[in-house]
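**Student:** In the order they appear, the protein sequences are chains A and B. Counting along the first sequence from 1, when you hit position 266 you're at 266 in my numbering, and nothing is skipped either side. Counting along the second sequence from 1, when you hit position 90 you're at 90 in my numbering, and nothing is skipped either side.
Treat the hints with caution; some may be incorrect.
Straight-line alpha carbon distances no greater than 20 Å define the calculated DMTMM-like cross-link-like pairs of lysine to aspartate or glutamate that follow [said to hold, decoys possible]:
{"hint": "1", "chain 1": "B", "residue 1": "K71", "chain 2": "A", "residue 2": "E116"}
{"hint": "2", "chain 1": "B", "residue 1": "K135", "chain 2": "A", "residue 2": "E5"}
{"hint": "3", "chain 1": "B", "residue 1": "K137", "chain 2": "A", "residue 2": "E316"}
These are calculated hints, taken from the structure and not from any lab test. These numbers were taken from a predicted model, which means no experiment stands behind them.
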Amino acid sequence: MFKDESEFKKIVNRLNIDTEVNPAHREELRRQVLSVFNEAEQQPATRITVLQILRRTIMKSPVTKIAAAAAIIIALLIGLHYFGDSVNITSTAYAEIVEKLHNARTMTYTSNGTTEIEIAFKKPGYMRTTMPGDYVTVIDWTQGKGISTLPTRNQFIEMEMSNLPNDPAQQQFNVIEKLRTLPERADEELGTREIDGRVLQGFRVTEEDVINTVWIDPQTHDLVRVETEFINAPGMNVTMTDFQFDIDLDDSLFRLTPPDGYTRVEAQADVSGVTEQDLIEYLRAWSSWTKDKTFPPTLNPMELQKVSMEMEQRGEFGKVETTDQQRKRDAMTMYRGIMFLTQLPAESNWRYAGEDIKFGDAGTPIFWYRPEGSETYRVIYGDLSVKDVAAENLPK
Amino acid sequence: MVGAMAKFVERKEDDLVLKARTQAEALSRLYEMYYERIFRFCVHRLFNKEIAEDVTSTVFFEVARSIRLFKGRTVQDFQNWLYAIAANQANAYIRKNSRRKELLKEAADLMTAADGSTDESSEQDWPRLYEAILKLKPQHQTIVTLRFFENLKYEQLAQILNVKEATVRVTLHRILNELRNHLQSVLER
Chain A
1 MFKDESEFKK IVNRLNIDTE VNPAHREELR RQVLSVFNEA EQQPATRITV LQILRRTIMK
61 SPVTKIAAAA AIIIALLIGL HYFGDSVNIT STAYAEIVEK LHNARTMTYT SNGTTEIEIA
121 FKKPGYMRTT MPGDYVTVID WTQGKGISTL PTRNQFIEME MSNLPNDPAQ QQFNVIEKLR
181 TLPERADEEL GTREIDGRVL QGFRVTEEDV INTVWIDPQT HDLVRVETEF INAPGMNVTM
241 TDFQFDIDLD DSLFRLTPPD GYTRVEAQAD VSGVTEQDLI EYLRAWSSWT KDKTFPPTLN
301 PMELQKVSME MEQRGEFGKV ETTDQQRKRD AMTMYRGIMF LTQLPAESNW RYAGEDIKFG
361 DAGTPIFWYR PEGSETYRVI YGDLSVKDVA AENLPK
Chain B
1 MVGAMAKFVE RKEDDLVLKA RTQAEALSRL YEMYYERIFR FCVHRLFNKE IAEDVTSTVF
61 FEVARSIRLF KGRTVQDFQN WLYAIAANQA NAYIRKNSRR KELLKEAADL MTAADGSTDE
121 SSEQDWPRLY EAILKLKPQH QTIVTLRFFE NLKYEQLAQI LNVKEATVRV TLHRILNELR
181 NHLQSVLER
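Make a model of the complete structure from these sequences and hints.
**Tutor:** Have a look at this one:
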């Protein structure tokens, strides 16, 4: 029996372990490694490799698996819709872009929040998103059906989008809808600025709680970048880049059929009757997963994967013994909680202040919002109790 | 003089890391420098030379595919990156292959005191100790291998595992307690 580290070390040192290298393997592997390196050089530096690394990290933890599953569903529901009719335009570069957005038959771009998502659209209502971890989600809004593939587990999720709000514009974070309905005139011209080595012309459009800043190349009139800022939901902001319009996107990209050999995971994205209680249950679930019983640092669904992955790396989650069934239930809890947020109207003026607050802290407000038609706010405290509070008594 | 020479060599090696992103020759030299170390780590982690060769291959294929995206600039960064990949690949191998019992047997068969030491107790302890190590979480097994077989410093372990140095110290302390408790319970049976 060893007493301390040094004695343990002595035991190890006395072991006779054959680690002699086989020169033939060494030489053969060198040849193969260089061949792989040269092959990789032939291809553009894709983000696939990075995504594969991310995927492995993400899927290591039960909590991150839950977060990933919830993020997929949420990505669908706060996703983008099809394009509408064209409108009258002015002759400015900005107006040309508005027209392009309105009329595009297909469009692809990259959405850079804290999570990078590649997005492709095709009329009349097909959408494909590729998220870190190679999670591909295809949705057909005309049928209200979708499919997500989970490559690490060779599984797929088919979704029936029942009980979705009929008007996509009601979904606060429906980024593409905001793009699609950009007004034909900008509120403010920002002049030129150099961004990523290109001189771009900026236009700002403010609508209710959303500020869109559109950056256009004045030489080519290409749409280069759109920054979307949600005034009432800091942390939800996204930057969209790499726009391409009317490129050929094969129908096979939008098929609702899973790859061969994948097995089905049933899921129904039911957002009917989502209430404040769903958010509370989500907060309760999260605080039960963290070792120190703290609430999530953010409620931004797009940050779920990243935040949970970083927390996992820091060892901040406790041991989660979970079954697939429980994981699905947890993902749904998470998803319904966040859907409650996404359905809150801008005038609810919701705020989240739960970062670093531990479950049970009855004196600290962690979330508040004003229900429609109400003069007072609903405030959720650290013990997950709820009180009605006048606006003047809210935390500053 | 010796110090200046060491610094010069270090700088040359750091250049190698930067060059290896685009130059096969530089990657080849890094491969030469680190093949044995990674192979040895894999043997110490998996206790089977053939399996260790397979995992070593996987590690260097990953390096060849990803080095263009590698953000590190120094040999130390590169070494930490290599060990992180190797630790992940070894853990993945163990997860996918329920060969722990076989590994244990092979490991126990391999282990004899190298120096013919008269301290037979440590030799006799090893199979039990290794059995206890196999009961640890994969990351904890990795810590044991890196610390005791590869003789890495706490600082390096922290960088490889992407945690704070203090976390490594505390974790290792817990691991040793866990191993001791396991051995104690075995002896009391």
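**Student:** For every hint, state whether the structure bears it out.
**Tutor:** Here is what the structure says about each hint:
Restraint check for K71(B) and E116(A): satisfied, since their Cα atoms lie roughly 18 Å apart, inside the 20 Å limit. Our distance criterion of 20 Å between C-alpha atoms is met by K135(B) and E5(A), whose separation comes to about 19 Å. Straight-line distance between C-alpha atoms of K137(B) and E316(A) comes to about 16 Å, which keeps the hinted pair within the 20 Å bound.
Of the numbered hints listed earlier, not one is contradicted by the structure.
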